[in-house]
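**Student:** Based on the sequences and whatever the hints tell you, model everything.
There are 6 protein chains.
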Amino acid sequence: MLQPNIETFLACEAAYEEAEIVLYGAPFDSTTSFRPGARFGPRAIRSESWGLENYSPYQDRDLSDYRIFDAGDQELCFGDPKLALADLEARAGQIADDGKIPFLLGGEHLVTLAPVRALARRYPDLRLIHFDAHTDLREEYLGTPLSHACVIRRCWELLGDGRITQFGIRSGDREEWRWGRDHVKTHPFFVDMDALEETVRAIGEKPVYVTVDLDVLDPSVFPGTGTPEPGGVSFDELRRAVTYLGERARIVGCDVNELAPMLDATGASTAAACKLVREMLLAIAGRKR
Amino acid sequence: MLQPNIETFLACEAAYEEAEIVLYGAPFDSTTSFRPGARFGPRAIRSESWGLENYSPYQDRDLSDYRIFDAGDQELCFGDPKLALADLEARAGQIADDGKIPFLLGGEHLVTLAPVRALARRYPDLRLIHFDAHTDLREEYLGTPLSHACVIRRCWELLGDGRITQFGIRSGDREEWRWGRDHVKTHPFFVDMDALEETVRAIGEKPVYVTVDLDVLDPSVFPGTGTPEPGGVSFDELRRAVTYLGERARIVGCDVNELAPMLDATGASTAAACKLVREMLLAIAGRKR
Amino acid sequence: MLQPNIETFLACEAAYEEAEIVLYGAPFDSTTSFRPGARFGPRAIRSESWGLENYSPYQDRDLSDYRIFDAGDQELCFGDPKLALADLEARAGQIADDGKIPFLLGGEHLVTLAPVRALARRYPDLRLIHFDAHTDLREEYLGTPLSHACVIRRCWELLGDGRITQFGIRSGDREEWRWGRDHVKTHPFFVDMDALEETVRAIGEKPVYVTVDLDVLDPSVFPGTGTPEPGGVSFDELRRAVTYLGERARIVGCDVNELAPMLDATGASTAAACKLVREMLLAIAGRKR
Amino acid sequence: MLQPNIETFLACEAAYEEAEIVLYGAPFDSTTSFRPGARFGPRAIRSESWGLENYSPYQDRDLSDYRIFDAGDQELCFGDPKLALADLEARAGQIADDGKIPFLLGGEHLVTLAPVRALARRYPDLRLIHFDAHTDLREEYLGTPLSHACVIRRCWELLGDGRITQFGIRSGDREEWRWGRDHVKTHPFFVDMDALEETVRAIGEKPVYVTVDLDVLDPSVFPGTGTPEPGGVSFDELRRAVTYLGERARIVGCDVNELAPMLDATGASTAAACKLVREMLLAIAGRKR
Amino acid sequence: MLQPNIETFLACEAAYEEAEIVLYGAPFDSTTSFRPGARFGPRAIRSESWGLENYSPYQDRDLSDYRIFDAGDQELCFGDPKLALADLEARAGQIADDGKIPFLLGGEHLVTLAPVRALARRYPDLRLIHFDAHTDLREEYLGTPLSHACVIRRCWELLGDGRITQFGIRSGDREEWRWGRDHVKTHPFFVDMDALEETVRAIGEKPVYVTVDLDVLDPSVFPGTGTPEPGGVSFDELRRAVTYLGERARIVGCDVNELAPMLDATGASTAAACKLVREMLLAIAGRKR
Amino acid sequence: MLQPNIETFLACEAAYEEAEIVLYGAPFDSTTSFRPGARFGPRAIRSESWGLENYSPYQDRDLSDYRIFDAGDQELCFGDPKLALADLEARAGQIADDGKIPFLLGGEHLVTLAPVRALARRYPDLRLIHFDAHTDLREEYLGTPLSHACVIRRCWELLGDGRITQFGIRSGDREEWRWGRDHVKTHPFFVDMDALEETVRAIGEKPVYVTVDLDVLDPSVFPGTGTPEPGGVSFDELRRAVTYLGERARIVGCDVNELAPMLDATGASTAAACKLVREMLLAIAGRKR
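Chains as they are written, first to last, in my numbering: chain L, 1 to 289; chain A, 1001 to 1289; chain H, 2001 to 2289; chain V, 3001 to 3289; chain R, 4001 to 4289; chain W, 5001 to 5289.
Don't take each hint at face value.
Claimed, not checked - Simulated pairs of lysine-lysine, DSSO-like, Cα-Cα distance not exceeding 27 Å:
1. L:Lys185 <-> L:Lys206
2. A:Lys1082 <-> L:Lys82
3. W:Lys5082 <-> H:Lys2082
If you're looking for bench data, these hints aren't it; they were derived computationally from the structure.
**Tutor:** This is the structure we're talking about:
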């Protein structure tokens, strides 16, 4: 008897019940104001992952040794971000309640707010580590507080001062940079590994959420995104940072977002996103062993 | 002394005060649920129009003989369609109050609701003539009533039964087609010129709003749109229809929408949009003389 | 509990056991000698089908009323067409043995040989109706008899003279045209509906296999294919022909092939392929009722 | 011993001395003011021709039966059209002096002036038949008389009133259309076969130059050109016209120009250009037999 | 009353009279002999600049604090570089005479000759600092001295030996490299900051013109240019160099050229060009305070 | 008399008899299982090479000083790799027998097996130096041993343990990495110049074949390939390595492969391939002097 057509990220074919980590996709970019298309990110990451191997020579680990489940994409409302966020938050909460780590594939960066809401309720001392080219600290944008450009500010409202650490930031308006100085810790321009290690040491075993806006990468490495910002970090720089976090920090949720495949004419950005997801999965799953 | 850089559609360089027709752009596609990018439509129509001539050999008319003003694009909220529609409605209303014809360049099709709201208030017996591949008659879509897929249903709530005539429709869910039978007049699959002439005769001098979703065109002619639907109308078929309307009907507002330049790899769709806008402008302006 | 990520063509979500028709994909183009990429055809048809509706206003039928199963893509050997064809033939045979109609999504045109082999064994009086720009009647091509350019010649070896009818052919070398005159019935340049109706009448209730090389369409409608051949048929011409066949002939298997999404810069070709598959599914399933 | 790498249009592999027709390429578009790239046209026509067959089922003729030579592209000056035209004129003159028909692959349309200069000197009663979307009758453009937009006006200066017949024209400024009425014969919008046959009858055995600006085709068929103009002719319409001319008129030179492969995202425009060149070659060569 | 549609680079919205710096665009690439399209560079830089912020975290400066005017693009002759250069020179001269700094957005590199002519006349001791992959020192190219490949040689004829310093050069024919050794100072392969600082020190307060051919950047960073030359400089390397120049040298004119947006499939090159222009504007404007 | 149209890599225009090095193209990618298109690599390298100069400022050498012949592409079987390899092996053998160095332009990586077969027979102590992102050490792939993913394993069967040295490898399945530890020398992740120099010293004057799978480059530099693997080497790193080998090792054959121009949206990958080929040609030819 023939089976239906199941499509997952690489070898992430565990049953939900036994899974340690759960991938879930947010095909949403309704507040993207410049170049859209991040809605197609999770689907592209899933289908193009098969150009990679399960095995990482960097970590000497293989995805087939771990139990990961890929829940596919949720159908989300276009036109009302509140509805979309509520649906995503429910899914993240369910995964966490089932004792698994929710790993979100965006979508635009606003989607990060959904799992942070779900997890901040469950982990009152949650920390956020944020890789991005942009501060995302606006109070509101184009008249609405629920915008990709405001997402870290919304997270700060949930987490408070001193809980958010940013890396790679190189764009924002003057007001964002000023406000940020008093409320979050920003390491600009590149990924300062010393600062990252210091941050992880200070956090210890407190729960951490990691959000990766892929535009932290230099546009030469990752052009396929809505708002490319020249002067960014290299692939290996980011790969090392997220591997370090996966292996050392107690990650209770994470996301990788802002791949816009329509803007990735050659597929190189998608390949970079896939490989980062693989390395993060392996590092997080490896730590749990 | 040097002048600032003004960019308009072709020769639409009249002063606002003296203009008969006002072009205004809606760079908005926040509810587009399939392939986005219509936000860039008005800008592309404006910049690529310069590949055309001012003169139409079809009508033996020249844009430089008429007074048309191009107001450029409004900055609209991404993430809250209510706000965007309110801003667009205000602009359409102002143009109408100043005794000019508002000509909207979309954007996704939802934007049509804004000028129809503005004009239905001013013209209680307003008629709507609608060219499209899709019925757009859903009660709601993905949880929201303010969606591109519901826009003609929303217009019907303002205008009532028997006021809306559709041409070229070839897609919709079963429920939409059923509902439509009782509330609007649908001429499916192609542009039936006999039916169009009959419609215009029946309307007489009542005010008409014309909305053109460019995906009514066959995808061979107009691939650069979010939801291409094979089996559509030819360029000349649509050109003749809108020219006929411009010359014979009392148009009090109109729009051309759903060009998504990112999906128009060759520029041919943009050229088709530009030429239709030119022909509509010439026919409407010519009738007023 | 979350479900795994199942991806099918539109609403083709029946269980295998209850299905009347089974879609199966052949991601193969190893013998394509000009522009490759048809391997990605079935995946694109599946994922882009969601831009369509389940409902066809042409037939007043809805996919959700029928039982269709989508088996996804087989993993096929690149580098040895014999192996790939054997795997595909086994699948087609299994589906036929289970009393269902195998509906193949190619891939390059060589894949047609696999189901024709499976079905010719089961139906000794099988007929083949062939839509294509190219004759595909070469004895061999670039040194091998198993080539896309030879597939109908290979089918003829199984079916014999007078069993194959071609429509829309407008390319081939001089020798192919000469050979064809004696062995197959060729209706060149367009889809002659009179000839098609005559063919169907003559066949009566004998079993028919229908193969659609999408390059029979004009490149304006369907540029996204390896060997576009100008001067082809329109979308509606082909849609009417395959609908007629689905409703009138006893189809025991069929395929749609040669969509190469990498060459379909705008997505319009993929949309055309999707809509044809929907219309064929509805017509075949409708006849069975 | 290995041979050097020779690239020609299809089977155009005769030696120069024995050739009846000589293809020569003009990789030039220095005066193109809108979207450039026609410089790459001849190279693309040559390399993509191999997707076609040598044999035409329309004419039942095969290129391998005729003696045609492909001289490749000349290296032409960018920055001084006078120099480029002089080099091209010399080549056209040499070919004509050697008793062969010069068949030019452009390039932008200005290149037509070079062979017309060469042939008008040799054939004082030369006629010009012109397929185009644009009149190309400007006195000057952007300050220079040597522009693609003026090329037919420049030809008229050589040939005089009543010698030029245009087909398919649908764009030009008001002044061009007015001037044209008194000096050339324009058949607008489509290819009027009755008018073409009448024209050929009137010309009789006088020498004819045929120039095909491929943008005469509808942009759905031929988007890959600098200035696509919606509402054009179909492929078969143009194919029939040029075949008719090749078979009935005494063509002493011809050209096909304005393919811009960078703008031809799918390759369909290039395929159309290749097929037209093949049909023209076969018709002209066939008549000479 | 509605305003006309003004499009400028970011916040460069000062009135001309009060401006310190004037942006002006040269949509010209008529002598480009390889891959064209730089004509669209200034328009793309202007429209895509809105993906950036006004504020630079590198310099802690904000464009809204300075008075910059954007004059838009001049309409230039295609087909006669002499005419185009004359029009550009007039504009540069007018800006300089009005006491403002002309900042040119190209266009192909030949356009640099126009402001250098205008300024060399006004500043007899003018120096030129040149960033490029190519020497551009040919005596003539394809038969003409007015070519992008000769522009620095033409500048040298105005400035003389020892006045021109080049950085990043990695391509040229053997003769250019030899000639260059005697007449200009070339720092090949990368941007040698020590050499740049030494150059600036030696120049002191003498007037400097800075020309940036963006192909000095590595093609990974900046593929969107006519002649990409592998092995180039990084974005931050060039950003630091031009910022240093803006802050330390007495710049009396400058340009950024050779962005060809048609070749920039992802938009990353355009983003790089925009950010460099912003940083140069801020550094130059900041020094004047 | 006009000459036929000869197309070669840059100035590689020697007669075959006098040539020291012979370029030959393998337009083959029939076993490519992910993204196809490497078949078009050699043609693109040849035609785009003209964007470069003959002269290398890195080596101060000029191609016009050496005798190199370009044999163009062979027509190879699609659908039977055995046939294609046999034809390629014959050509490589002929070139070697004529005392020249065969320099292969691929094509997918499987083509390397053909010259290695030809040369291993002629040079029993042949060494292989291999640049790649992937190990290519599989015993079989998708059911066949003749696959791009197995090519170095097939070479090892000819050469034996200790004869193959790999650089830049960063992908493979776990089994390949394990097997490789015992049979080949792998320097992973980057090009370790110390290890390369040590390798060359150990080899001394023994004959060496160098195979460059261009995907060893980082996808930012070289996205235009079937299986981009993030985290690769820079252009200058690879340029230095192959120049070192050309100047120091006794190269008896080499290849550069896996450029897929359809995936190289901007042309930057093709430019990188061209420049590497030029530098390798100059280094190898320079050593022979």
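**Student:** Now, for every hint given, state plainly whether the structure supports it.
**Tutor:** Results of checking the hints against the structure:
1. Restraint check for lysine 185 (chain L) and lysine 206 (chain L): satisfied, since their Cα atoms lie roughly 17 Å apart, inside the 27 Å limit.
2. A C-alpha spacing of about 13 Å is found between lysine 1082 (chain A) and lysine 82 (chain L), which places the hinted pair at or below 27 Å, so the restraint holds.
3. Of the supplied pair hints, the one linking lysine 5082 (chain W) and lysine 2082 (chain H) holds, its CA atoms being roughly 13 Å apart against a limit of 27 Å.
The structure meets every hint from the earlier list without exception.
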